[in-house]
Every structure is written in structure tokens, then in C-alpha cells.
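Chemist: Listed here are the chains, written in short residue letters.
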Amino acid sequence: MQKILKKYVAFFTFPTLIAFFISFLLPFFMGIYLSFTEFTTVTDAKWVGLENYVKAFVSSGDFLNALWFTTKFTVLSVLCINVLAFLLALLLTRGIRWTNGFRTVFFMPNLIGGIVLGYIWQLIINGILYQYGATLTTDPKYGFWGLIVLMNWQMIGYMMIIYIAGIQNVPTELRDAAAVDGATPIQELLHVTIPMVMPSITICLFLTLTNSFKLFDQNLALTAGAPGKQTEMLALNIYNTFYGSIHSEGIGQAKAVVFFLLVTFIAFIQLKLTRSREVEN
Amino acid sequence: MKQKNLALNRTIFVILLLLALLFLVPVLVVLMNSFKGRFYISETAFLPPTGAMFVGLENYFSGVEKTEFFSAFGYSLYITFFSVLFIGLFNSMAAWYITRIKSNYSSILYYLLIFSMIVPFQMVMFTMSKTADILHLNTPSGVVILYLGFGAGLSAFMFCGFIKSVPIDIEEAAMIDGCNPIQVYFRVVFPILRPVAITVSILIAMWTWNDYLLPYLVIGNKYRTIPIAVQYLRGGYGSRDMGAMMAVLVLSMIPVIVFYLSCQKHIIKGVIAGAVKG
Numbered sequence: 222m223q224k225i226l227k228k229y230v231a232f233f234t235f236p237t238l239i240a241f242f243i244s245f246l247l248p249f250f251m252g253i254y255l256s257f258t259e260f261t262t263v264t265d266a267k268w269v270g271l272e273n274y275v276k277a278f279v280s281s282g283d284f285l286n287a288l289w290f291t292t293k294f295t296v297l298s299v300l301c302i303n304v305l306a307f308l309l310a311l312l313l314t315r316g317i318r319w320t321n322g323f324r325t326v327f328f329m330p331n332l333i334g335g336i337v338l339g340y341i342w343q344l345i346i347n348g349i350l351y352q353y354g355a356t357l358t359t360d361p362k363y364g365f366w367g368l369i370v371l372m373n374w375q376m377i378g379y380m381m382i383i384y385i386a387g388i389q390n391v392p393t394e395l396r397d398a399a400a401v402d403g404a405t406p407i408q409e410l411l412h413v414t415i416p417m418v419m420p421s422i423t424i425c426l427f428l429t430l431t432n433s434f435k436l437f438d439q440n441l442a443l444t445a446g447a448p449g450k451q452t453e454m455l456a457l458n459i460y461n462t463f464y465g466s467i468h469s470e471g472i473g474q475a476k477a478v479v480f481f482l483l484v485t486f487i488a489f490i491q492l493k494l495t496r497s498r499e500v501e502n
Numbered sequence: 015m016k017q018k019n020l021a022l023n024r025t026i027f028v029i030l031l032l033l034a035l036l037f038l039v040p041v042l043v044v045l046m047n048s049f050k051g052r053f054y055i056s057e058t059a060f061l062p063p064t065g066a067m068f069v070g071l072e073n074y075f076s077g078v079e080k081t082e083f084f085s086a087f088g089y090s091l092y093i094t095f096f097s098v099l100f101i102g103l104f105n106s107m108a109a110w111y112i113t114r115i116k117s118n119y120s121s122i123l124y125y126l127l128i129f130s131m132i133v134p135f136q137m138v139m140f141t142m143s144k145t146a147d148i149l150h151l152n153t154p155s156g157v158v159i160l161y162l163g164f165g166a167g168l169s170a171f172m173f174c175g176f177i178k179s180v181p182i183d184i185e186e187a188a189m190i191d192g193c194n195p196i197q198v199y200f201r202v203v204f205p206i207l208r209p210v211a212i213t214v215s216i217l218i219a220m221w222t223w224n225d226y227l228l229p230y231l232v233i234g235n236k237y238r239t240i241p242i243a244v245q246y247l248r249g250g251y252g253s254r255d256m257g258a259m260m261a262v263l264v265l266s267m268i269p270v271i272v273f274y275l276s277c278q279k280h281i282i283k284g285v286i287a288g289a290v291k292g
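From first to last, the protein sequence lines stand for chains A and B.
Note that the first sequence covers residues 222 to 502 in the numbering used here.
Note that the second sequence covers residues 15 to 292 in the numbering used here.
Please keep in mind that the hints were generated in silico from the structure rather than gathered at the bench.
Fair warning: this is a prediction, and the values are worked out from it, not measured in the lab.
It cannot be assumed that every hint is accurate.
In silico lysine-lysine, BS3-like type, Cα no more than 30 Å apart, as pairs [said to hold, decoys possible]:
1) B:Lys116 <-> A:Lys228
2) A:Lys450 <-> B:Lys144
3) B:Lys279 <-> A:Lys435
4) A:Lys435 <-> B:Lys283
5) A:Lys493 <-> B:Lys144
6) B:Lys116 <-> A:Lys227
7) B:Lys80 <-> A:Lys227
8) B:Lys178 <-> A:Lys227
9) A:Lys362 <-> B:Lys144
10) A:Lys267 <-> B:Lys144
Using the sequences plus the hints, can you model the full thing?
Modeler: Right, here's the structure in full:
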């Protein structure tokens, strides 16, 4: 079969390969090259070495601000989302009535696109702040907490679904045994349920981590970085460097490469953790 | 003991009910405000549209007109439908080939595809949109081709994982019976892939329907998909029509909610499968 199938390599793989080359491979390597050059379109590049990378960090503080804002946002939202989603999953695996209905409602925001979500919450938060004579863009802390609330609303249901699947996979004998041995519900949770759903916890942690770190649409719609650039996250900062200022395409591309390296680093840790856990099992 | 549990469950039920209402409130507030005059919205976001505030469907008419919503809906539907179709077809074909043929070509392609899943869009957005311009891919059909390449990582990963668990014997038997690989693929392999194809379709549909930045950069100045239409309404400072915005938000949520309620089971299953593999 190998021999005959090999003759059909073009038929089976070229449609994907060609599209992949145009939309990813070529732009990716061009992007790395261009980050070391000065350019306005992709054809007039002039080699400048590491200048763009130096400028990205030094010439204005906005990139480092965005990095700090993104990190704070990511840590807090990862913690909030996972704790709340796990609690909800615990409540929804007790056989309470309307469980399916609740699940449907909690998961629903996850399907709504980031831009739409951003404007929904802009209305809600501005509506509340109006009573106090403020708006979302009066103070960066409103934008920050707004993004946290939005992200929780969007992701809790999704993570809850994964936790529910994990909890339902815990063998009932284990819980019964713990109950017979006189374990309190808290002990059972800490020593039986949580260790047994560790795989789900790892998945959820990294899903929320990468989603929060790469957030763009919601950030653009909710505050667009205002006031000033104080609620600008990394992805939006890169976007604004490309399209919001003149002659800074090279710097934008250098920032994008740094962003790519950070995301890859997170993914690499995830891979390591998943692998080491597999060995233990 | 039993009575205590019953009381506890009742409390939990009430808590869950309140939480579910809290989850629905943002959507309901938007719905309510979509019937309110545009100048009342920012100031009285939480009041029902009564008396002078009520404007009927006026916001819907102006929102649809300003954003050309129905053409945006058409473009979104076109791009989503053909992306799902092409990704399901071409990527599963490629996935079958690289799983069944052990060669350097297969493994290099596989690892490049997996690698592309990690790379954030910002890394390639500028160069990709310029490439698309040069190659005249700046049309809705061009966007479909870009999605075919961009979605290849996730879908190849899911398809390959599934194909590995399918025994090769049936395919070899079909080959011995005189089928060529194309016949084997469409008559034997493709029907087996159905469950994973549904999962991939749902993940791709959710992604392409809601994606803003890629279509905005590539075709945004000529064609508006729904997310681009919503963002377009933001307009300049102070000139925003909040009424039209509310109406367009409601209109853009309707297809998603209908889709969700009609194939909820598949969606939830697909999302779990996608998460566990990713």
C-alpha cells in the first residue's frame, strides 16, 4: 500500500501544503527576517540588525507596560476562572435538578465572539459606572477589572465542562471507600477528587493561560487600550505598533517575534508538564 | 443525614439559579436596550424601555442599514461554510497520507503543522496580509484559502490522532480488491472519520465565524463579516449610535444561539475533545 499511495502525494497533501505555505510558512519566515530590517511594505526591507528589538523595549515604555498589564491580567484571570469553574463543576455533579439547563446557560457565553463580548460588557460596565460619574476609560483599573469579569464570564462555562468530565471519570468506588473510611467531604475533595482530576486541571490551566495571554478582540472592543495606552495588552500593542504609528513596522515585527517566543515558552512548559505526568501514570 | 443533604441540595439549587440569572443578565440588558432610543442607553442602561424611551424596531432598521448587516451575515456564512468544507476535506486527506506513509516528508509536514498551532497570529499578521494582497487573495474566497492553511494545524492534529487508532487492514484489503488510493479514501476511510470530522467542523466553525482580525486585515476595507460590522459601528469619538450598536449585537448573537441550542451535544463534546487534544 505504501508504494501505491506514495504516487498520490500531490493529490492528498498539496492542497493543504500550498495553503499552509501561503498563509503560514512563508509569512512566518518572512516575519523573522523582517524583524531585523526597516520596511514599510515587504519588498523594501533594509537590514538594521537588532535595532528594532532595542527600540521595542527602549524607545517607549509601552511594550513593557503591555507586558506587565498582560501578566497581571493573565495570573488573576487564570486563578479566578479555574477556582470558580471547579466549584461550579462540583455543584453540578451532585445530581441536582436542572443540571443540564444550568450547564447550557453557563457555557453559552463561550460561543459568542470576542468583539461582541467586548461591547456587551462595555454597555454593562459603563451603565454601572455612570451612576458614579465615571466611564470605563476614566481609570485603567476599570478596564483591568472589566477585562477580568468579561474573561470569567466567557471562560468559566468552558472550563466547567472540562472539570465536569474529569470529575465524572473518578470511579465511584474510590469515593465510597473514602466515605466508609470516615473521610469528611473536604478530605474527600482534597485527597480523592483533586488528585484524580489533575489531568483536567492541567488542561484548564494552560487553556486559560494561553487564551488570556493572547487576548486581542475583547481588549480591542472593551477599551481599545484607553485611557492612553494603559489597558493595552501585548497583542493589541503589537497591532497598534504596526497599524497605528508611522514607520514602525520593523519594531512591530520585532515585538511580534518576542511575543511568539513568550507564547512558545509557555507551550514548552505545558509539554514538559504533560509528559512528566504521563510517566507518573 | 439525608434531610441535611436535602436542605443542602436545595440551597445549592437556589445558588445555581441565581448564578444562571447573573450569567444571562448581560445578554438580556443588551436585548432590552436594543428597543430604547439611542440617547437613553448610556444613562439608563438598566431601566426597561418604557414610555418615551421605547422606539420599537427603529434601532434594528438603522443598525442593519449602517452595517449592511445582511451582506455581512452572507459573507460570514460563506467564509465559515467553505472553510469548514475545505478544511474537513483537504486536511483530512493530508492527515491520512502523513499518518499512513512513514517518510521524512510526512514527519516534517506533521511537525510543521503542529508547530503552527502554537504561533500567535500577531507573528504573521502583517506578512500574511501583504502576501494575500500580492497573490490577490483579498476576497472572501481568498480568506477561505488562508483559513485552510491556518486551520491545518488543529485539524491535522485531530485527524491524525484519530486515524492512528483505525486499523490499516481494511484499507489494505480494499487496495488488494483493486481500489486505487482515491477510492480507498472516499469509500473506506472518509466514512470512518465521521465523529472526528464533526468535532473539527464545530471547532473550525466557531473559530471562523467569530474571527475578527484575519478577515479585517485581508478584506476589511471591501467586505465586512459580522465581527467587522460590529467593530465598524464603533465609529469616531462621540459619534457612535448606541441604539444601532445594541440592535446589531442582538442580531449577531441570534445565529450563534440558534446554532448552540440546535446542536448543543455535538458542540460540548467537540469542545471537550478539542481541549483535551490541544
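Chemist: Find the hints from earlier in the document that the structure breaks and name them by number, from lowest to highest.
Modeler: Of the numbered hints given earlier, those the structure breaks are 5, 7, 9, listed in rising order.
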